[in-house]
Structure formats: C-alpha cells, structure tokens
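From first to last, the protein sequence lines are chains A and B. Just so we're aligned, residue 1 is where the first sequence starts under full-length UniProt numbering, counting upward by one. Just so we're aligned, residue 1 is where the second sequence starts under full-length UniProt numbering, counting upward by one.
None of these hints come from the bench; they were simulated from the model. Be aware that one or more of the hints could be misleading.
Unchecked claim - Chain A is faced by these chain B residues, among others (derived, beta-carbon under 10 angstroms):
id, residue
1, 67
2, 514
3, 516
4, 555
Unchecked claim - Here are the simulated DMTMM-like cross-link-like pairs (lysine to aspartate or glutamate), alpha carbons at most 20 angstroms apart as the crow flies:
id, chain 1, residue 1, chain 2, residue 2
5, A, 82, B, 70
6, B, 798, A, 31
7, A, 20, B, 515
8, A, 48, B, 604
9, B, 513, A, 46
10, B, 520, B, 440
11, B, 31, B, 103
12, B, 555, A, 73
13, B, 4, B, 89
14, B, 665, B, 710
15, B, 2, B, 28
16, A, 53, B, 103
17, A, 53, B, 70
18, B, 605, A, 46
19, A, 53, B, 440
Stated by the list, open to error - Stretch by stretch, here's where chain A covers chain B in the computed footprint (C-beta under 8 angstroms, at least three residues):
id, region
20, 546-554
21, 793-801
We treat Cβ as the ideally placed atom computed from N, Cα and C, and that holds for glycine.
Listed below are the residues making up each chain.
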Amino acid sequence: MMISNGVRVNLCTYDQLPVKIGQVFVVDHEEIAVFRLTNGDIRAIENKSPHPKGGRLADGLVSGDFVYCPIHDWIISLVDGKVQAPDRGHVKTYQVEVNGDQVFLVV
Amino acid sequence: MKKKQLVMIGNGMAGVRVIEEILKMDREQYKITIFGNEPHPNYNRIQLSNVLQGNTTFEETIINDLQWYESNEIQLFTGEEVTQINTDEQYVISDIGRQVSYDELILATGSLPFILPIPGADKKGVIGFRDIKDCVEMIQTSKKYKKAAVIGGGLLGLEAAKGLIHLGMKVDVVHLMEHLMERQLDAVASNMLKAELETQGMNFLMEKATVELIGTDRVEGIRFKDGTEAKADLIVMAAGIKPNVKLASESGIYVNRGIVVNDFMETNVPHVYAVGECAEHREVVYGLVAPLYEQGKVLAKTLCGQKENGYKGSITGTQLKVSDIDLFSAGEIYDDPTSKSIVVHNEYEGIYKKVLIRNDRIVGIVLYGDTKDSNRLYRMLTEKQDVSESTTISFLQSGEAVESNDIASMPNDEVVCGCNGISKETIVQAIKEEGVSTVEQVGGCTNAGRSCGRCKPVIQEIIAYTLGDEFTHAAEKKTVCGCTSLSRDEVVAEIQVKGLTTIKEVMNVLEWKTDEGCSKCRPALNYFLGMVHPAYVDDRDSRLVNEKMHANIQKDGTYSVIPRMYGGVTTAKDLRKLADVAEKYDVQLLKITGGQRIGLYGLEKDQLPAVWEELGMPSGYAYGKTLRTVKTCVGAQFCRFGTQDSMSLGIELEKRFERLDTPHKVKMGVSACPRNCAEAGIKDVGIVGLDGGWEIYVAGNGGTDLRAGDLLCKVKTEEEIYEITGAFLQYYREAALYLERTSTWIERVGLDHVKDVLANEKKRKELNERLNATLARYEEPWARAIEEPAIREAYYRKRELVK
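Just chain A, with the same shape it has in the complex (with noise of 0.2 angstroms):
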C-alpha cells in the first residue's frame, strides 16, 4: 500500500491504546509514538527526540499533555509538539482522528 498526503491510516482500535504508555507505530518507514492521555485524548507524535543526541519518544514518562524524553528529560507539548523551555526544539505532530471506536492517523 502506498500512503500520501492526507490518507488515513487505521492503526488500531482505541480500546487497544493503553493509558499514558506510548505505543510505537511503523507508517511507511517512519516510526509514530501515540499517546493515549488520561483526558481520553490520542496524539500522535513523530518517534524522535529533538535533542541534538537523538533518543526516541514512546517510551517516556507521560504527563497530562506532555511526555518527558526517557534519556534526556525534555519536556516535550504532544500538542503541539513543542519543548518546554528552557529547552527549545520541535517535534512533528500527527492528526488523528477517532471514528466509533478505530483509531485512524492522517498523513
């Protein structure tokens, strides 16, 4: 399957989204961390830390709408993708959208 832009992917349904632990996802190559937070809300992040020294995201602490970088503490909006200072960086955001209970990302 090729995917393009604006294509929904359905990665799972949302039951099988864990509450504050990242699940890791492979879209054609490019891995997506999602975050089920304890409001209920999915967001989807790119799986890469902004650091300088790289790291990946899905396995970090989660916090209302923040995940901190498991190795380098960065405190990172699943927002809007942004750190927190006094750190600075960004990282891609995801659309996702929730149809009934399947859970679908937009690329």
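Chain B: place on chain A using the hints.
Relative to the frame of chain A, chain B by itself:
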C-alpha cells in the same frame, strides 16, 4: 521580494555571530552562503585548550551544529577556501572553482598563528595552536613522541603547554621576555604564575630567542641565540597571531595590519565588510571574543539597514584562567612615577591584587588567584570613579557580605558575560520571564556563560539574588520537585499519617501543583508508597524508562539485556545459551559488564520478550534503583589466600535481596580476605572475610561520589551478615532521599547515627521484618512479561503498518 545574496568568507565565532544577529532581526532579507576552510561547523575555539586537557570533547565545542545551518537555510561549504573576490562584478570563486555572486560580502577570515620566520620553521612537527587540526596533531604526536616545546609564554602558549602535559609529553616553554604574560601581568603576579606552573610540570626557558629549528625532515630541536639548544619532537608556535588578510589584499581591499573598516565595519570597497580578528578598526585589531561579538552586532545592524551609532572600539579587561588559576587584568600593568598602587599580596593563599591609581582614578588592575572583585574594580576603572573617598584598602577586599550587595548594586546594564555581551538586566529578565533557575538554563535562553564560562559564578549569584527568598527557601528546604512545596520527609510523613495509598491520592490530598506530576516526583512517590506499604501495587507508568521497560535504554533507543549471574558465577550451559541468543538476534555488542556478568546490547524493544524467553534467566536488574550485583572473588573454594567462602555468601546475598526497590542503586561485594579482590571497600555494602569472621563495610562508592566504605562492624557468622545487611538496607530505604546513594546519605546523617540505629537489636529485628514483608511482593519481571500478553502488548509491541 527576491532575497539578496549574502556571502560570508569564514565560518568562525565572530562571523557566525553576525549571521545569528541578522537572523534575529530579519530572516527574510538575505539568502546566506558561508564558506569555511575547516571541515567543521562553527565551534568554540576558546575551548580547544580544554579539549587538550581532556575536560571537554570536540563535539561539545560546536556552537552551531549542521542542523542549525539547515534549519536557517544557510548554504554552508566546509573545507572549501575562497581564493578570489571580484569586487567589480560582485562574485567570489572557491578553490574548487565554485562561483557565487553576492550583493553583500562579509570577510571573517580570522587570523593565523604567527610562525617565526626562522630556518627550519617549515619542518614537520612545527605547528600553531589555532584550530581542531592543530589539536589533533598534538594528540597524535603525543602518542609517538615525548618531548615538546612551546614558543611563547603568553596565554595561548601556556594553554598549549598545559594541554601537552596532559597528553603525557614533557614540555619546555620558551619565552623571549623576562616574565610570562608580560602584557597582562606585572612581575610579581607573573612570578607567582611561573612558580605554580612549574609545580604542574612545566619547564621554562626564559629570555631565550629562538634562531633556528634543527632536525632533518622532522624537527628535532631548537637553537637559541645564546648558542644553547633544546630537544623537541614537536614545536608549537604560540608567539602571537596575525590577521588573515591575504585574500582581501589580493582583491584590492585596503589592508593595513588587518582589513581596515570604519565604525560600521565597512571596508573601502562598497558591499564588502570585515569582522573579527581579521578586521582593523581605528588602528586596533582585537583578539578577544567580547569585542568581536560587539563588532558582530554592529555589522548585523548595518546589513539590516539600522546604521545608528556604529562601533566605537572596546576597552577590555582580560579575564583569564590558566591551569585553574584565575587571572584578571585591565588597563595599565606597570607602575610609573605618576601612579600609586594599592597592593594586597597574600603569599600564604597565593592571592595577589594590585590596583594602579593616578589622579584618584583607577588606571590599571592586576588580580591573581582571586578575581571576584574584577567586575567591580573594572567598572570603577571604566567609569573613572573618584576613589579618594574609599578609605584604606577596603575596596580590594569584598567579603562575603559585600559580595551579595555586589549584585544589588550592580547596574542593570553591566555586562556579566563579556564574551556574549549579556547584561545583568537580560539575565534577570530571563529568570523572571522564562522561569529559569539554573546557570545552564540561563545560558539556554540568553547565551550567557556559553563561551569561556568564566562568568558562571556571577550568573549563579544573580539567580540567587533575583529569586531571593524563593531561592534560599528552596535551598534550605529541598522539595521533592517543583510540583509541590513539601519536602521528602513531609511527603512520607503525610503518606503514613493519612494512609495514602496511590500516587493520585497523594497528589490530590497534598495539593500537588500539577495534575499528573513530573519525571521527578512520579518515580519518587511511587518509591515512597512502596516503601511505606509492603503490599503496594507498583505504578509501572510512573517509573522512568529503564525500570518501566525492565531493560536499559541505549542512546539510539535500543535496549540491553543483562540477566542475573549470581555472584558472577556461571555455567557452560548458560554461557552457551547466551552465545546462541546473541547470535540468533545478531546483537550489536556482547560485553562483560562492570558487575561481573554478560550484557547483550542493541536490541529493539519488540525483541525483548523473545530474548528473555529464550534465555530463560531472571532479570539482572542492571537498570534498577535496586540491588544490582554482588561482586565476589573466587575465595576459599579455590584461592590459596581465601579465608572464607566469598562466592557462596555473595550468591546468597544476591538471592535474598534482589528486586528490592531502594532509593538508588545498591552494589555489594564480598571478598574472602583483606586483599579484597572484589573491591568491597567501594560498595554500598562490602563484606571482607577474615580468619574466623567477617568485616562489614557500608556506604562505599566507586562512581560519582568516590568514597571508601566505613567499617560498620565485625561479625562471626553468615547469619549475622544477613541480619545486619538487611537492617542496613531497610534503614537506608526508610531514611534516605529518593535518588540518594548510600555514600551521600551517610555523609548527610553520619555514620555514628546509623551505627546507633543498627546497634539496637529490637530495631534490627523490626527493620528486617518490614524488609521481608516487602521482598515478598516482588515477581520476576521478565517471566511476567513472557506470561502476560497484556504486558507485551502495552510495552513491547511495535506495529508495522506498511510493508
């Protein structure tokens, strides 16, 4: 609007600073191209001596990494030298024939080491001390050769010499003058410096004029004017630098010593500018970073159409650090008949301060060993303050009390970080508006302290002053984290008194400032609850990554698997299994760890459960705040010196206490005799066998808090060891801060206190009871992951959606 082409020749600190300033003011005006003849992005040249001295790595000296160029859409050509400028048709040509047109051109070609024009200067092994290439050559030379000579006893030469000594070479420093650093220091300070550096292993050849470098193909020695010679396999020329102006002068741009610029950094040719060490402004060429950054700001404004005041030149105080000795000098150095000086010379502590005064005004400052007064004195100098009112020599002695006032009385616009031109006001603003509270964070927002690092103590004081009560309060009372105003002890007491049983409950009842805590309090609360309630159900998602995953995350996001190897004892069968699994999963690395076991490194997280299952071994908890390993020596079973069976004891200790959550990691060691092959003296708990008994040492540390263990007691039987060790571990669990090792904990509470607690038999018994109740709750985590699909799904799955 089409962007204008801005080309910069040179990719060093001053030039790139111009670009940074331009980007801050106007991102839309220019398309930027930079040529750098070194094969690196912009790095901090000032730190090269630290690289040689092993204090930092090349990587860490990079100021703007390649990603910075990319994200700012700057075209960077590294390792490429511009060889020709056509100022009529406005283009440059590089050494590989690349032609780039410009609307505006910046020359930031820096300077070159001044190589003495003497016979032999072109031999192999003769270098300057200027860039990464020079450092690499020094490092490589030091591996093959033993003797170096540095020509030049100025700052650069001394830094090079210090680096070479660190690399293991014998170093002669050759200096033409009678005193070292004669442009910054007077004779007294200079002699103090020389004496100190001699104790650090430098050898000085003073008042020696070098006339020839001898040798065949490679340099072998130096010949001096007085006929003497010195051997040397490496010569570092550090006698000065000269502006790199060749390209400019060949291109018809007016050059005197440097490329001559006006107050707006414009050369005599339209659309061509110069900045940094290659530029000459009002007949001065600057070599320190602070004035060069000032020039950078002015040039950026010029290029963004904000020609206002222009650059007026800089008076600079030189704040230096040579081999850990703080130095400062500004203005005049030497007394003359019209000046009077105030001198404090504390030989005992190695401190020397001199202030030169003429007509009631400070005209010169030399500080050696203690430069805390430098900012204040320098301000008095530049502002030409009348000092006739200052009685005695009080202004040379800023005591502690005066010091804190210093920050209060410091004018807002006073520059704190000279390298980056950051004022007190900017730092205060960052602290207040960005909510930062550490020196590193201030650097992150403002650049302050990020070049030479000398101003970090002042930044620290500004933080303390700005945060005021909040800061002292925070310092006195260590709260668990920013989410609460309660300390560790207060939180634990509340958990006990109010019977709180979950993290959520703790946060609600104790009015946490955040909904779900942070990476500091969540793991801490999880630990406290587990410590207070033996039957606590662990909140796995409040653990940090390694403990959550039961594997150590590596820098690339892969994991390692390190199974138990109790007491460091294994079998042929287990080794074979480790080998088979390592081969099957093609692990990136198979290594004996520091804790006497074998680790498999570089596994993807979705491989972990399968690897664990095939190994069929329990987790070694190499990732946990828990008992890591019990290191043992061979002991009485085989060793002819061994008086006790250290292996059996070690294995038993490891089996009894494994998996236990502790405030920080715990390492143990058991040696069978005082030769102590298991290094029990640097373990959290170390046991040493004697004839007929054992010694128990505690709170040793072989890592960050290097510390020899304290002898806690001597015992006769193994049962006593289990009892004492159990009680010690439980007391540490109950009393220490989260993430406090036994070594720092015991320093804080005192060995005698811990001895007192453990001397009480009733207390020991109670501690052991609570410990055993806690130990009963643990399950083997790898086996659990294998058995429970829900755990595998939630933590170790990776879903591929496209083939």
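Do the hints match the structure? See the list:
For residue 67 of chain B, the suggested interface contact is upheld, since its CB lies about 7 angstroms from the closest CB of chain A, less than 10 angstroms. For residue 514 of chain B, the shortest C-beta to C-beta distance to chain A is roughly 7 angstroms, which falls under 10 angstroms, so the interface hint holds. At about 4 angstroms, the closest approach between the beta carbon of residue 516 of chain B and any beta carbon in chain A falls short of 10 angstroms, and the interface hint on this residue holds. Annotation: interface hint on residue 555 of chain B holds; nearest CB of chain A at approximately 7 angstroms, less than 10 angstroms.
Simply put, residue 82 of chain A and residue 70 of chain B have alpha-carbon atoms about 19 angstroms apart, close enough for the 20 angstroms limit, and the pair holds. For the proposed pair residue 798 of chain B and residue 31 of chain A, the alpha carbon gap of about 9 angstroms is at most 20 angstroms, so the pair holds. A hinted pair counts as satisfied when its Cα atoms are at most 20 angstroms apart, and residue 20 of chain A with residue 515 of chain B qualifies at roughly 13 angstroms. For the hint linking residue 48 of chain A to residue 604 of chain B, the alpha-carbon distance of about 15 angstroms falls within 20 angstroms, and the restraint holds.
Under the criterion of a C-alpha separation no larger than 20 angstroms, the hint pairing residue 513 of chain B with residue 46 of chain A is inconsistent with the structure, at around 29 angstroms. Restraint check: the Cα-Cα separation between residue 520 of chain B and residue 440 of chain B comes to about 18 angstroms, which is no more than 20 angstroms; the hinted pair holds. Under the criterion of a C-alpha separation no larger than 20 angstroms, the hint pairing residue 31 of chain B with residue 103 of chain B is consistent with the structure, at around 10 angstroms. With a C-alpha separation of about 13 angstroms, the suggested pairing of residue 555 of chain B with residue 73 of chain A holds against the 20 angstroms cut-off.
With a C-alpha separation of about 15 angstroms, the suggested pairing of residue 4 of chain B with residue 89 of chain B holds against the 20 angstroms cut-off. Pair hint residue 665 of chain B plus residue 710 of chain B holds up; C-alpha atoms about 18 angstroms apart against a cutoff of 20 angstroms. For the proposed pair residue 2 of chain B and residue 28 of chain B, the alpha carbon gap of about 9 angstroms is at most 20 angstroms, so the pair holds. With a C-alpha separation of about 37 angstroms, the suggested pair residue 53 of chain A and residue 103 of chain B falls outside the 20 angstroms cut-off, and the hint is violated.
The hinted pair formed by residue 53 of chain A and residue 70 of chain B meets the criterion: a straight-line CA distance of about 16 angstroms does not exceed 20 angstroms. With a CA separation close to 17 angstroms, the supplied pair residue 605 of chain B and residue 46 of chain A stays within the 20 angstroms bound. With a C-alpha separation of about 17 angstroms, the suggested pairing of residue 53 of chain A with residue 440 of chain B holds against the 20 angstroms cut-off. Given a C-beta distance limit of less than 8 angstroms, the hint that chain A covers the region 546-554 of chain B holds, as 3 residues qualify and 3 suffice.
Coverage of the region 793-801 of chain B by chain A holds [criterion: at least 3 residues with CB-CB distance below 8 angstroms; count 8].
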